[in-house]
Every structure is written in structure tokens, then in C-alpha cells.
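Join the two chains, each given in its own frame, into one complex according to the hints.
So the sequence lines, in the order shown, correspond to chains A and B.
220 is the number that our numbering gives to position 212 of the first sequence; each next residue is one higher, with no gaps.
171 is the number that our numbering gives to position 182 of the second sequence; each next residue is one higher, with no gaps.
Keep in mind the hints are simulated off the structure, nothing from the lab.
A virtual CB, placed ideally from N, CA and C, is assigned to each residue, including glycine.
Be aware that a few hints might be false.
If you anchor each label on the Cβ, the simulated ranges turn out as follows [unchecked claim]: (1) ALA282/B x ASN102/A: 41 to 47 Å; (2) PHE98/A x ASP182/B: 49 to 55 Å; (3) GLN248/B x PRO103/A: 41 to 47 Å.
Derived list of chain B stretches under chain A, where covered just means 3 residues or more per stretch with a C-beta under 8 Å from a C-beta of chain A [claimed, not checked]: (4) 160 to 166; (5) 241 to 255.
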Amino acid sequence: MLSLADVSKVYRVGAFGGKTMTAVDGVTFDVDQGQVVSLIGESGSGKSTIGRMILGLTAITKGSITFDGAPVRPGADYYRKVQGVFQDPFSCYNPVFKIDHMFQLIRQIRPYTQEKLEESISSVRLEPGQVLGKYPHQLSGGQLQRLLIARALLLDIRLLVADEITSMLDASTRIDVLNLLVDLKARGLGVLYITHDLSLGNYLAERTVVLRRGVVVEMGPTEKVFEDPLHPYTRQLLAAVPRLHAPWEDARPAGCGVHSDVQPDPDHYVACSCEKEPE
Amino acid sequence: MITVDGLRVYYRTLKGDVRALDGVTFDVRDGEILGLAGESGCGKTTLGKSLIRMDGRMKHVAGTVTLDGRSLPIADDAAMVPFRFHEVSLIPQYSMSALNPTRKIGRMIRELLKARQAPYDEQELHKRLELVGLGVETLERYPIELSGGMKQRMVMVISTLLNPSLLIADEITSALDVSTQKAVATALAGFRDAGFLKSMIFITHDISLTYQIADTIMVMYAGKLAEKAPAKTMVTAPRHPYTQLLLNSLPEVGVRYGQRRLAGIPGSPPSLLNPPDGCRFRDRCPLAYGKCAEEPPPVEVEPGHFVACWKA
Ligand SMILES: Nc1ncnc2c1ncn2[C@@H]1O[C@H](COP(=O)(O)OP(=O)(O)OP(=O)(O)O)[C@@H](O)[C@H]1O
Ligand SMILES: Nc1ncnc2c1ncn2[C@@H]1O[C@H](COP(=O)(O)OP(=O)(O)O)[C@@H](O)[C@H]1O
Ligand code: SF4
Ligand SMILES: [Mg+2]
Ligand SMILES: [Mg+2]
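The shape of chain B in the complex, shown without the other chains (with noise of 0.2 Å):
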């Protein structure tokens, strides 16, 4: 289990901080996946990133996280060398084109664990990969051999080694195609239910997908957490203005635009240099009224339901 609480984190840029993380605070029980949606630009790789290594610019402001009862030392490299990996695994966006490769994917894996100090088990790895549709051949084989969808399941794979405690997945099926994304979302979820890992954390722009495999989805807006729901709830009955309009945004198989004309949500996001006070969706907004001048605070408003906006 992890606990978010108040996390915040920000970019070093000569302009000034980028508040890319500003107060957020969830938790992800074991055996839950976590769909993590919003605007391209609201934080979820920062977020991701922060639970795992912090680039050089960012920087550690506020908050704490707590995965099963032990204290993250988010912020000290050195001391999330131990939990990175073995308690804590990342598939990176683009993940796909950051495999080694001059080395066949055999050696590579078994180079990765020795250098994380981490047994190699051989049956095991053999069993994954059946698991996920990949032939033992494949560890023989140069990752410039496979296909997108190939290379992610055997990141997947790899990630996955050490049965890690959450597992964070970064838009890793954004760049394939409907029936690949399937299969690889599809095996994410055998994962956890085979029990390599305890929680994961699902990052995607692209909401029906993550409905498929999510129990929870938490949107995010600007740095800020602006709902979280049980993922059929989120679908059917959001409460935040901006999920409303996200929602109405998506094509759905047999919308056209000549009998409906779907709407974008007009504006765009505020800078994160320096956001405006108050709900950072008020200039969006078709409810917004004086009283959003101030931040809006996530409010439970049913059981597992959290709504950061003043008129929810």
C-alpha cells in the first residue's frame, strides 16, 4: 500500500519554479490499479518520476509518502537506490526505445539484475514471458527485432522481475495499436492478480482504456488533484466540471462528427510558473463563480469519492 500525502514537487528553471506537483495526496491499497488521466502537461510523469528518482531540476517542496508502513526517502537519491526497482518499478513513457540495444535481451536482463544485486531466476522469467505471449526465444533475439508491442510486454516483464510493491506505468500503450494495447493492458492486469506486484499505478491520456483495467481513476488538472472516484463511478456520475467535460470529449466507436460535433474543452491549462491563485480550472470553467477565487480542497463526498471543486 501507498500513501501520497500533500506531495509536492517542482521544476528549477531559470524563470522560476514550475509547480508541476502542487499538493497532492491519494493512496493506492494492495491489489488496486490506479488509472491516472489528464491534460497532457498536469504532472503524472512528475508524479511517477518523483515516487521512483528525481531528475537533476526537480525539486522535493512539501509531502511525505509512505509505502507499506515504511517512509520514502523521495528526495535523498541514494537512499531510494535499495526500494528502486525491488520495492518500486517504473515503465518509463517511451519506455520502448530506451532498451540496450547491443545487447540480445537475454544478457541484458540477466546484466540488470547483477548490477541491482538481484538473483536471476531463470524458470521464473520463463514463466513470464509465457505469461505475457513472448517465447523463451525472444531473450535470444535484439530488441531492434520486436515490435512495439513486443518490446513493451518485455519491459513489462522485466520491470516486474523482483515482484515489486507498486508498479508505475507511464502511457505504455499510447503508441500501439487497439489489439496490442488490449494484450498488453490485459496482461498488466494478470500481473497483478498473479501477485508480481502489490499496486499499480496506470498513467494514460486515454480514459476508456484505463476504465478497462482500473478499479480507481483519479484525475489530475495543473498539478492538482481535481477527482478521484472507483472507476465506474468516474464514467457514469463525475462530479468535477472538468471530468464532465473530459468525458464529453471522447469519441466513442460510431460518434461522427456530422451527427454530433464533440467539443474540446476551450483554453488551455494555466502555466505552471505562476499559476493563478484559487481552482486552477476557474478561467475554463462554465460554473465558475466568486467563490472559486479560493483553492477548492478534495472533499470525500461519498465513500472512495473525491471532488476538489466548490460546487460538487
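The following block holds chain A by itself, in its conformation from the complex (with noise of 0.2 Å):
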């Protein structure tokens, strides 16, 4: 369905854009139908960008993003299949209209009825009634969050790129957001999982891509790369994560997962980390 072959984007930066900053560099992986890719990485490392070639919202410097053999290109079309939510829900919102107004953005791409329309923000776990008529500076961030990933479920695409939208949800919603994309990844729903919160993209994605500094680490099926981290920077990334009965731990130490005995499975990759240890 989705593939990303060889993908880089070079921003120039400076004041006269003099200068360049490479934010994505060589990235290749694929997105199937009724598959969960989480992309995996700090703040800084690439996940936006991509996310924002994949939906044409920016161009793609070198290499290839194609959809179905096809290469991106935006339009009411393309918007039909692929959607994107994104992190800061505020600024999705124009803040003098009612919340209904985004979602009427969306009536020339696929029209809707009310009742659908209320369907899809029950799906997400609001009250319509509660919500619609609203103005966004009366909503929490959470809710907020929750009626963009409704409009995305009004449009039946094929595949979604979440862009952490999780992050500003609370426990409990938050499982229940996974939870739905993982019933409509069962519906063939294909999508791609930005997130720095490793313990998410682990519950939910069959693959898992670690991009450092714009370049993939490591990346193959899930458990292998959660189960058994090669890359020293995926290891370092682990933990960090905070969990709910033990302390913080120190990284175990890793030597580089390519020049080593070790052999990954065919469908691990890890990159070569032999000159670049993780400071």
C-alpha cells in the first residue's frame, strides 16, 4: 500500500536559507494494509516529516513515497484514502468557530449525515451532545484530540497517519483510542503510528521503525526489536521508559548489533553504530 523508498528532506535553514539541515535521510519502509508501523524516536528525530511527505504536505528532497505503485500527490483524492492527525490539537481549531465547523471542512471531500457524524464521535468515547455546539476553548486537549480522529473515521480512508496523538490523552482514553485502531486495522485499516511512547507502539504495531537524527537504527517486527534491542540507542531508548512497579533503570550495554556475533533475523535490521555511540 504505502511505500517509502530511500526518503530525505534537506531544509534549508539560516536566515537566507544559506544553510541546509538534513531532518530525513534515506528512510525506507512499507505500510500494508491492515497493518500497525509505530515510528519510533525523540523529539527532533524525523517522525513529523515524514508524516508530512507521506500526506504531500511537504516535498520529499530525494527518494520515493509511493501509495498503491503511485506517487503522492495531494488533492481530494489522495485525502480520500490518507489522513493525518497530528499532536497539538489546538491549532487545528480556529478558535471563533464551533467545533462543528471542522468537521463541515471536510463535507466536499466525502459528504456525511448527522447521524454518521455522531456515530464516529461516539466511537472515540464523547457525548455528541456534549461536544457539538462548542467552542474548542471549552473542550479539554483530550476531547479536542478525540473529535480530530473522529473527522479522519468520517472519511473511511485506508490509512492514517497519528502523528502522537496520544500524547495529551489521559490512561484511559488512551487505551481506548489503540484499542480502536486496532479494530480498524482488523477492517484493513492501514496505519502509520508516530509516537515516542515506546510502551504504545509495542501494544499496538506488528512493526516498529527507531529513526535517530533522521536515519532508521533498527527496525523489524515488534517484539523482536523490544524483545531483543541490537542498536545501543534502542536499548538506551527502553530504558527510559518509565514503568509502573520498578525504578528507572541504566541502559544495558550494547556493542554494535552489525560487526558482532550476534545475527539478526533476516527481518531485523539494525544499523552499524560501531563510530557513533549514543551519548
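So, in C-alpha cells, the structure goes:
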């Protein structure tokens, strides 16, 4: 379905765009129908840039992104199939309009009935009566975020790019949203689940891609990456995850996963870490 | 030490009062980090704001706040001025975007201190920046040039420069990735250890994170206290049905939906516009019975462990 091949993004930075900054560097992975792929990395690692390139919101500098074999072409036709939901729900709302307005914006792409609208709002576990007719400032961040997911669902899309959508939600709502994605996946939705929360990625993704400074350092089936992390950076990330019954521990030391006796599974990619140890 | 007694703070709206904080009693001892958790909309930010600055729509309805033996005039905006930043400091939710983008950070700090009529101690500032892993040269940079984690640590240093008695940190790590989160949370605990603040209210959705640094955890539900206990007790032996369900909905690393499907808590919190009588968790609670039509008072079931539930 979605395929990234050697994708790079170079931003022009500095006062006159004189300098460049490579935000994404030679990234290759696929998202298939009915599959959740989680893209993990710390802030600034290039996750959102990848999401925005998939959505056609920013140009690709090098490489290619294709959906069903065809290059991404932003437009109503593409957005009926692929939608994104982002980190900061506040920026998606215009404070002068009631939240109903945000739904009306997609009417041109795909018309919907009031009944379908209320159904999608209920599916993210909000009371339609409690949120419709309200202004953004009257709702909490979590409520606004769920409404954005409801809007994406209203479109019957095939691929959802979910960029940190659960970072603003509380635990109970968060697990509902994750379970919702699991159910949608069973119905064939593909999801690129961008997150810095490793436990959430682990919960629902078949495959995990670990990104560091724009480069994929490790990638493979989720259980392999989590149970047998080979790259020192992946180990460091896993050690920083707060756990409920155990205090923070230090990362297990790791050698280079490529130049060692360990032979990773052919499906489990790990980048060489001989020169660049994480600091 | 801060003591909050029966605090009620409502939001005035056209439809009536939103009872966001509806009778909350607790204290935070010197040297204690209180983790405040609970669902979105349960009143965490409202509590934080009430202790420092109420916005125009907020109304102090009842209750008192005492800080180090002095009564805190929370309802009187002007009378609160000498306390803010000096005695009580707040790092607000989404504070990262609140730094003035047009000023270099060093200049901004000097201006801020001047406006608050507080002395500028450069040496102390440098020492604290170092403690959170920010170089002194950061002062010569603009906020936009810092990463989220750096900004957050900068805000932490600024908010505690005058050694406030109480620091309220509202969701300051939620937008950060795990490694940065760990660095920021550890630095906060370090500030307490170094005596830069006496006590702290650490607000977050993330109970696993709270558990890492808090001494005590308080869980709120729909404007009320549900349970308060030492951190370890809270995660190993919670007594309130809400806390129990909340902990069960946490995905720990290693849990995959295929093996164990976690469940959220069915239903949603009641509207705080006209909240129902009795236990506010009643229509979602699997244990609810007749008595729950009356409001359960918080009861100390063992030393330091408070539960507001008839079944606890
Ligand atoms: N300005 C306002 N006018 C009316 N109601 C408000 C206002 N601000 C907040 N509320 C309501 O008060 C209640 C508590 O809100 P508060 O912001 O304290 O929640 P919170 O626990 O901090 O949530 P979150 O975890 O999403 O930050 C909610 O029901 C909210 O909708
Ligand atoms: N429009 C832009 N212009 C210049 N640099 C950018 C732009 N957007 C992002 N960047 C830079 O690219 C890098 C990756 O950013 P981003 O994709 O947002 O990371 P993530 O989502 O993983 O946090 C960062 O260093 C960021 O500062
Ligand atoms: S008081 Fe009743 S409804 Fe409330 S939590 Fe306890 S058992 Fe459930
Ligand atoms: Mg991002
Ligand atoms: Mg809040």
C-alpha cells in the first residue's frame, strides 16, 4: 500500500536559507493494508517530517513515496484515502468557530449524515451532545484530539498517519483510542503510528521503526525490536520508559549489532553503531 | 508546607457554574513531591491555577489555602502578587510555547526578575543551568532555537530561581520523548533535593512517570479527590475502584493487544455543570450500590492513605 524508498528531506535553514539541515536521511519502509507500523524516535528525529511528506504537506528532497504504486499527489482523491491527525489539537481549530465547523470542512471531500457524524464521535467515546455546538476553548485537549480522530474516521480512509495523537490523552482514553485503531486495523486500515511512547507502539504495532536524527537505526517485527534490541540507541530508549513497578534503570550495554556474533533475523534490520555511540 | 482545606473553585459560564474543583482537602509537606493524576478535565489544572492565579472566569467559592503557616489570599489577585513566583511558582501546561520569542533568554530572565523586583544572581543562575545540563551559552539563544526538552528545563530553572516554597508543574513532560522526560523529571527531583523548592505538585496523566519521582500520589475524579496514598501503595494496593481501573488501563512495555487486550473505563466523567449527587464515579463504577447515592467522604484507611469510596 504505502511505500517509502530511500526518502530524504533537507530543509533550508538560516536567515537566507543559506544553510541546510538533513531532517530525514534515506528512509525506507512500507505500511501494508491492515498493518500498524510504529515510528519511534525522540523529538526532532524527523518523525513528523516523514508524516508530512506522506501526506504531501511538504516536498520530498530525494527518494520516493508511493501509495498503491503511484507517487503521492495531494488532492481530494488522495485525501479520501489518506488522512493525518497531529500532535497539537489546538492548532487544528479556529477559536472563533464552534467545533462543528471543523467537521464541515471535510464535507467537500466526502459528504456525511448527522447520524454518521454522531456515530464517529461516539466511537471515540465522546457524547455528541456534550461536544457539538461548543467552542474549542470549552473543551479539554483530550476531547479536541479525539474529535480530530473522529473526523478522520468519518472519511472511511485506508491509511491514517497518526502523529503523537495519544500524547495528550489520559490513560483510560488512550487505551480506548489504541483499541479503536486495533479494530480499524482488523477492518483493513493501515496506520503509521508516530510516537515517542514505546509502550504504546509496542501494544499495537506489528512492525517498529526506530529513527534517530533522521536515520533508521533499527527496524523489524515489534517483538524482536523490543525483546531483543540490538542497537545501543534502542536500548537507551527502552531503559528510559517509566515502568509502574520498577524504578528507572540504566540501559544494558550493547556492542554494534552488525559487527558482532549476533546474527539478527533477516527481517530485523539494525544499523551499524561502531562509530557513533549514543551520548 | 501547604495545606488545602475544602477548596471549591468554579468557572462562571453562561449556562451556570462549572464545578471544576469541588471540595478538595490535602496537604504537601516540606520536601514532598505530590503527584497529581486523573482523567482529562478532572480539575488538575484548575487546582494548580487556583493556588497561583485565578483567571477572570474562575470563582473562589469555599475553602482555604495555608502556605507555611500563612493564609494564601487566592481570591484576591492583587494580594497574591507578593506570593507569586516568590513563594508559589507554576510551570503551566503548554508553557514551552509561552517563552517570549523575540528576546534572547538571558535578557528575558533579567527583565523578568526586574519586573518582579527580585535580585539577579548570575552565578546562581549559571550553577542551576549546569545542574539541568544546559550550557551557560544557552542564555544567548532565542527560545525558538531550543528543543522541547531544553525549553522545559529552562522554564524549570526560571520558575524556581527565587526558591519558592511550592512549585506546581502542570504536564510539563507530556510532550517530551522518553529520554528527555526522564532527564526533566530527574532534574525536578534534583531541585527538591538541592532545596530550590520545598514542596512540589507534579501534575501528569502518566502514573508510571509520577511513580518514578513522587512521594505521594493523589488521584482526582470529576473535581474531587478519589484517593491519596504513598506512591508505592498507590500502584501496588489501590483501594478506590477508579484508581484500580485506571491502573489496569496502562500499557506497560511488553503488553501487546494480541496477548492481553487492555480496557479503558467505560463511560465518561459526568458534566461538571450540573454534577450528579452522591459519588461522581457512580455510573461507571462496577461496585456501585444504593449507598453510593450519598457522597463518600475521604477516609484515612491507613496512615497517609485516603480513599473516598463507600466500599473501600
Ligand atoms: N474557562 C473555562 N470555562 C468553563 N469551564 C472550564 C474552563 N476551563 C476549564 N473548564 C472545565 O473545568 C473542568 C476542569 O478543567 P481542567 O483544565 O482543570 O482539567 P485538567 O484535569 O487539567 O484536564 P487535562 O488533563 O485535560 O489538562 C473541565 O470540565 C473543563 O471543561
Ligand atoms: N519547516 C522546517 N524548516 C526547517 N527545519 C525544520 C522544519 N520542520 C522541521 N525541521 C527540523 O527538522 C528536524 C526534524 O523535525 P520533525 O520531523 O518535526 O521531528 P519529530 O517529529 O521527530 O520531532 C528538526 O531538527 C526540526 O527542527
Ligand atoms: S462510592 Fe460507590 S460508586 Fe463511588 S467508587 Fe465507591 S463503590 Fe463505586
Ligand atoms: Mg513531531
Ligand atoms: Mg490540565
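Ascending list of hint numbers which this structure does not respect: Result: hint 2 breaks, nothing else.
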